[in-house]
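Chemist: Chain residues, written in single-letter form:
Protein chains: 2
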Amino acid sequence: MKKKTIAIDMDGVLADIESQLIEHYNNAYGANLTKESIQGLSEEIAFGNRDLLRGILNKDNFFRTLPVMPDAVESLLALQENFEIFIVSAATEFPVSLAEKVAWLGEHFPFIKWENIVLCGSKRIINTDYLIDDHCKNLDYCMGKPIMFKAFHNVNQTHHVRVNNWKEAVAVLNATL
Amino acid sequence: MKKKTIAIDMDGVLADIESQLIEHYNNAYGANLTKESIQGLSEEIAFGNRDLLRGILNKDNFFRTLPVMPDAVESLLALQENFEIFIVSAATEFPVSLAEKVAWLGEHFPFIKWENIVLCGSKRIINTDYLIDDHCKNLDYCMGKPIMFKAFHNVNQTHHVRVNNWKEAVAVLNATL
Numbered sequence: 283m284k285k286k287t288i289a290i291d292m293d294g295v296l297a298d299i300e301s302q303l304i305e306h307y308n309n310a311y312g313a314n315l316t317k318e319s320i321q322g323l324s325e326e327i328a329f330g331n332r333d334l335l336r337g338i339l340n341k342d343n344f345f346r347t348l349p350v351m352p353d354a355v356e357s358l359l360a361l362q363e364n365f366e367i368f369i370v371s372a373a374t375e376f377p378v379s380l381a382e383k384v385a386w387l388g389e390h391f392p393f394i395k396w397e398n399i400v401l402c403g404s405k406r407i408i409n410t411d412y413l414i415d416d417h418c419k420n421l422d423y424c425m426g427k428p429i430m431f432k433a434f435h436n437v438n439q440t441h442h443v444r445v446n447n448w449k450e451a452v453a454v455l456n457a458t459l
Numbered sequence: 283m284k285k286k287t288i289a290i291d292m293d294g295v296l297a298d299i300e301s302q303l304i305e306h307y308n309n310a311y312g313a314n315l316t317k318e319s320i321q322g323l324s325e326e327i328a329f330g331n332r333d334l335l336r337g338i339l340n341k342d343n344f345f346r347t348l349p350v351m352p353d354a355v356e357s358l359l360a361l362q363e364n365f366e367i368f369i370v371s372a373a374t375e376f377p378v379s380l381a382e383k384v385a386w387l388g389e390h391f392p393f394i395k396w397e398n399i400v401l402c403g404s405k406r407i408i409n410t411d412y413l414i415d416d417h418c419k420n421l422d423y424c425m426g427k428p429i430m431f432k433a434f435h436n437v438n439q440t441h442h443v444r445v446n447n448w449k450e451a452v453a454v455l456n457a458t459l
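Protein sequence lines, in the order shown, are assigned to chains H and Y. Numbering of the first sequence is given in this note's numbering, commencing with residue 283 and proceeding in unit increments. Numbering of the second sequence is given in this note's numbering, commencing with residue 283 and proceeding in unit increments.
Keep in mind that the hints were calculated from the coordinates and are not lab data. All C-beta atoms in this analysis are idealised placements derived from N, C-alpha and C, irrespective of residue type, glycine included. Misleading hints may appear alongside valid ones.
[Unchecked claim] Derived coverage of chain H by chain Y (criterion: at least 3 residues anywhere in the stretch with Cβ under 8 Å from a Cβ of chain Y; other residues may be distant):
(1) 290-297
(2) 407-421
(3) 453-459
[Unchecked claim] To give an idea of the interface, some chain H residues facing chain Y are shown, with a C-beta separation under 10 Å as derived from the structure:
(4) V355
(5) L359
(6) A372
(7) A385
(8) E389
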């Protein structure tokens, strides 16, 4: 039987962009942001200096050096037994990130083939059975069933199935088999 | 009314990869390929030295300097009035090409926003109303209606609607309105 498909976001889902962004932002701006202090804030409010933020996201090696989310590797390996996994990252806004994201996946998730990597803008035309993402701008318009991965900016959003970590994500998906 | 969507391939459809590949391949291999001599051949037979071919496709600036297909710019501008256009290129196999493709589009098709650019592997999960592509490996499995853009390697394929150039592509698509 054909496996069901899952589109999985990178930043905030496979890659812990939050920690690294806080660190770079504090260093560049002299701010004192912490994971706790930005809970429930929108990205626009948490990282208020948008030019600075764009500068950080356009820096060489920013995306290449992101930490991997806890349990993400083991979870994808386990899910791959029953689902076909596509990595779908909104990346074309930051061209420097494109090759870095492919290299990052090659290092940490070598079992994901290039055929299953999608670097895009809008995710509106991505048609998989499930989408795991942290952003409502993607989850609200996707074609498959949305699964919201916890991030500081979405803790007050309640209109999607929520998972707080990769262990929960695997449990929710395996329950659909 | 919501516009219908078109996914448009890059290499062989918007970008004249054929001319540039022949030139690089002849220079590197001492071959005498011409556009005429490879008509009807598969890519594997036309460019038989696969390692050499991969070397060319991985070279810096190969994709950045491809010529634009005749009438492609004017055609996309015209189509954009009635359709939403997504550029969908199978590019993740060649990471060097990723940022180059975004830069190439920015130079020649500045009216295409980053939100509408998709650099992927398999196009099986791309869901648009139409796909214009030159490869059966994409056209045979796409979710929308396939439109085959003429290329040397597909001239003997007859199982898709065929267009020989951009003027014909615009005519075929506008006839669906």
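Chemist: Restraint: H:V355 near chain Y, CB-CB cut 10 Å. Satisfied or not?
Modeler: violated (20 Å)
Chemist: Taking 8 Å as the C-beta cutoff, is the stated coverage of the segment 453-459 of chain H by chain Y satisfied by three or more residues?
Modeler: Coverage by chain Y is violated for the segment 453-459 of chain H (0 residues, Cβ < 8 Å).
Chemist: Please verify that hint: H:E389, Cβ, nearest Cβ of chain Y, below 10 Å or not.
Modeler: violated (13 Å)
Chemist: Grab the minimum C-beta distance from H:A385 to chain Y and call the hint holds if it beats 10 Å, violated otherwise.
Modeler: Hint on H:A385: holds, closest Cβ of chain Y at ~7 Å, below 10 Å.
Chemist: Mind checking the CB of H:L359 against every CB in chain Y and telling me if the closest is under 10 Å?
Modeler: violated (19 Å)
Chemist: Hint check: is the beta carbon of H:A372 less than 10 Å from a beta carbon of chain Y?
Modeler: holds (8 Å)
Chemist: Apply the coverage criterion to the segment 407-421 of chain H and chain Y: a residue qualifies when its Cβ sits closer than 8 Å to a Cβ of the chain, and three qualifying residues are needed.
Modeler: holds (count 4)
Chemist: Counting residues of the segment 290-297 of chain H that have a beta-carbon nearer than 8 Å to any beta-carbon of chain Y, does the count reach 3?
Modeler: violated (count 0)
Of the numbered hints listed earlier, those contradicted by the structure are 1, 3, 4, 5, 8.
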